[in-house]
Amino acid sequence: MDWFNSVDATYRSDLRELNELNFSRFDAKLEQRLAELDAKLDRRLAELDAKWNGHWTQLDAKVDRRLAELKADLIKWMFAFWAPTALAVVALLLRK
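Just so you know, numbering that gives the first Met the number 0 puts 68 at position 69 of the sequence shown, and the rest follows in order with no gaps.
Just so you know, the hints here were simulated from the structure itself, not pulled from any lab data. Every residue gets a Cβ at the ideal spot worked out from N, C-alpha and C, and that includes glycine. Any given hint could be a false lead.
[Said to hold, decoys possible] 27 Å max Cα-Cα, derived DSS-like pairs, lysine-lysine:
id	residue 1	residue 2
1	K39	K28
2	K61	K50
3	K50	K39
[As the list claims (entries may be wrong)] Label pairs and their computed distance ranges (CB to CB):
id	residue 1	residue 2	range
4	W81	D41	55 to 63 Å
5	V62	Q31	44 to 52 Å
6	V89	L66	30 to 38 Å
With the hints as constraints, model all of the structure from the sequences given.
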């Protein structure tokens with residue numbers, strides 16, 4: 000009976016060591032894959048950030064161009080309305 004208990008304890012000890020070895024291999028492989036995934040994710044986020052920066056730069060340029068066009072149109076229309084009004088006021092003042 001003692002011999003069976005001794006063999007059982009030996010097998011349990013061997014099994015525990017084997018399980019710990021397998022778990023450490025699994026843990027190392029998992030950490031490696033997580034590091035690879037993290038690097039891949041960082042690379043993709045950097046690419047996405049660069050892409051978005053490009054889009055925002057283009058959008059900013061378009062908005063600036065449109066605002067400049069709008070300002071030019073606004074000045075043109077202001078002159079078109081105020082110039083005749085100013086001439087009419089001057090003409091009325093000169094008649095009196």
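Which numbered hints does this structure break?
none
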